[in-house]
Amino acid sequence: MTAFTFEVLVSLKPGLLDPQGKAVEGSLPAMGFGGVGEVRVGKHIKLTVEAPDEAAATAQVHEMATKVLSNPVIEDYEVLAVAAS
Amino acid sequence: MTRLPRIGVVTFPGSLDDADARRAVEAMGAEVVALWHADRDLRDADAVILPGGFSYGDYLRCGAIAARAPIMAEVRDLAGRGGPVLGICNGFQILCEAGLLPGALARNASLRFVCEDVWLRVETAQTCVTRDLTPGELVQIPVKHGEGRWVATPEQLDHVEGDGLVVFRYCERSGVLSDAANPNGATNHIAGVRNDAGNVVGLMPHPEHAVDPDVGPTGGQPLLASLLETALAGVGA
Numbered sequence: 187m188t189a190f191t192f193e194v195l196v197s198l199k200p201g202l203l204d205p206q207g208k209a210v211e212g213s214l215p216a217m218g219f220g221g222v223g224e225v226r227v228g229k230h231i232k233l234t235v236e237a238p239d240e241a242a243a244t245a246q247v248h249e250m251a252t253k254v255l256s257n258p259v260i261e262d263y264e265v266l267a268v269a270a271s
Numbered sequence: 134m135t136r137l138p139r140i141g142v143v144t145f146p147g148s149l150d151d152a153d154a155r156r157a158v159e160a161m162g163a164e165v166v167a168l169w170h171a172d173r174d175l176r177d178a179d180a181v182i183l184p185g186g187f188s189y190g191d192y193l194r195c196g197a198i199a200a201r202a203p204i205m206a207e208v209r210d211l212a213g214r215g216g217p218v219l220g221i222c223n224g225f226q227i228l229c230e231a232g233l234l235p236g237a238l239a240r241n242a243s244l245r246f247v248c249e250d251v252w253l254r255v256e257t258a259q260t261c262v263t264r265d266l267t268p269g270e271l272v273q274i275p276v277k278h279g280e281g282r283w284v285a286t287p288e289q290l291d292h293v294e295g296d297g298l299v300v301f302r303y304c305e306r307s308g309v310l311s312d313a314a315n316p317n318g319a320t321n322h323i324a325g326v327r328n329d330a331g332n333v334v335g336l337m338p339h340p341e342h343a344v345d346p347d348v349g350p351t352g353g354q355p356l357l358a359s360l361l362e363t364a365l366a367g368v369g370a
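Just so you know, the protein sequences line up as chains A and B, in that order. Numbers given in my numbering equal positions in the first sequence, counted from 1, plus 186. Numbers given in my numbering equal positions in the second sequence, counted from 1, plus 133.
Since the hints were derived computationally from the structure, they do not count as laboratory data. Given the structure is predicted, the values throughout are model-derived calculations rather than measurements. Each residue gets a CB set at the ideal place from its N, CA and C atoms; glycine is no exception. Don't take each hint at face value.
Just a sample of chain B residues kept apart from chain A, beta carbon distances all over 12 Å, derived [to be verified]: (1) Arg136; (2) Arg156; (3) Glu159; (4) Leu175; (5) Ser243; (6) Val284; (7) Gly297; (8) Cys304; (9) Asn328.
Here are the computed lysine-lysine pairs in the DSS-like style, where the Cα-Cα straight-line distance is at most 30 Å [unchecked claim]: (10) A:Lys199 - B:Lys277; (11) B:Lys277 - A:Lys253; (12) B:Lys277 - A:Lys229.
Residues from chain A that face chain B, not an exhaustive set, calculated with beta carbons under 8 Å [said to hold, decoys possible]: (13) Leu202; (14) Leu203; (15) Val210; (16) Thr244; (17) Ala245.
If we strip away everything but chain A, and leave its shape as in the complex, we get (with noise of 0.2 Å):
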């Protein structure tokens, strides 16, 4: 068995309402930074799984973030390979 690392991105659909990308976006102006748009916040999710292999390592991790790490009422995930260590 071998130790898969993973990262996995969640973040709230789009066209779903994200006030709190809109309090961050309203407040960058008066910090000088201009042009700022489309500001949405999520989650970012690091975990490692022992597996024999890094595909079931991936279907695992694809299996719980369907599961448990997103709500897919409202969130859409993305799950990156880290390293095997």
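Given the structure of chain A, go ahead and fit chain B onto it with the hints provided.
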């Protein structure tokens, strides 16, 4: 001798309103069954309330961890048998996360935590908490939440609106729907929804905080009275 309805109230780590829920249903004439998130037995409760609060600190998403707690297998089983299940605030979030109710609760559009008495328009009497009410009737109940904006996929919204699954909408004192009377920006002013059978209901407002005239509005009374009657009538009633 008449039997009292047995109402289970689940306490998760971080639940806040479990004591109020127990007190409210007791005041309304129920026998309380205090349940713990790690329990694997509802101890013959006729109905279950998932109370408000911040279960598991709202970690990951509101209600996400609680929806996967051991007791939820029993709650799911009760719901599947037609038993009454009521989710209040965080309990509503838990039921949505568990897939027992359609939609999800997102952060309030205002980004503010709202804490105020709101008016609700009853949309259907075909649920375990509205059998004593009539569609169009208004009740006043407090809300207090930061993530209560009900949203859904387009397919879910079609189903919820098309099949009469909306139980309550936020409204003005007059019953008129308006953005000003929508405390969190919920889709179509939706404050509460039910499942297809009507035995599972979730709402953001807190009926358990609205039963005692000494401390505020009493709009929660008919909801809890309905729940107790449904519980006593038995599964499938």
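Against the structure, the hints come out as follows:
1. With a minimum CB-CB distance of about 39 Å to chain A, B:Arg136 clears the 12 Å threshold, and the non-interface call stands.
2. Residue placement check: B:Arg156 keeps its beta carbon more than 12 Å from all beta carbons of chain A (closest about 32 Å).
3. With 12 Å as the threshold on Cβ separation, the claim that B:Glu159 sits away from chain A holds: the shortest Cβ distance comes to roughly 34 Å.
4. Every C-beta of chain A lies more than 12 Å from that of B:Leu175, the closest at about 24 Å, which supports listing it as non-interface.
5. With a minimum CB-CB distance of about 7 Å to chain A, B:Ser243 fails to clear the 12 Å threshold, and the non-interface call is violated.
6. At roughly 6 Å from the closest C-beta of chain A, the C-beta of B:Val284 falls inside 12 Å, breaking its exclusion from the interface.
7. The beta carbon of B:Gly297 is kept farther than 12 Å from every beta carbon of chain A, the shortest such distance being approximately 20 Å.
8. Non-interface call for B:Cys304 relative to chain A: holds, since the shortest CB-CB distance, roughly 21 Å, exceeds 12 Å.
9. At the 12 Å boundary, the C-beta of B:Asn328 stays outside the reach of chain A, the nearest C-beta of that chain being 15 Å off.
10. Distance check on the hinted pair: A:Lys199 and B:Lys277 sit about 26 Å apart at the alpha-carbon level, within 30 Å; holds.
11. At roughly 28 Å between alpha-carbon atoms, B:Lys277 and A:Lys253 fall within 30 Å of each other, so this suggested pair holds.
12. Restraint check: the Cα-Cα separation between B:Lys277 and A:Lys229 comes to about 25 Å, which is no more than 30 Å; the hinted pair holds.
13. At its closest, the beta carbon of A:Leu202 sits 6 Å from a beta carbon of chain B; the interface hint therefore holds under the 8 Å criterion.
14. Interface restraint check for A:Leu203: the shortest CB-CB distance to chain B comes to about 6 Å, inside 8 Å, so the restraint holds.
15. Among the interface hints, the one on A:Val210 is violated; its C-beta lies about 11 Å from the nearest C-beta in chain B, farther than the 8 Å criterion.
16. For A:Thr244, the suggested interface contact is broken, since its CB lies about 21 Å from the closest CB of chain B, more than 8 Å.
17. Because the closest C-beta pair between A:Ala245 and chain B is about 20 Å apart, greater than 8 Å, the hint is violated.
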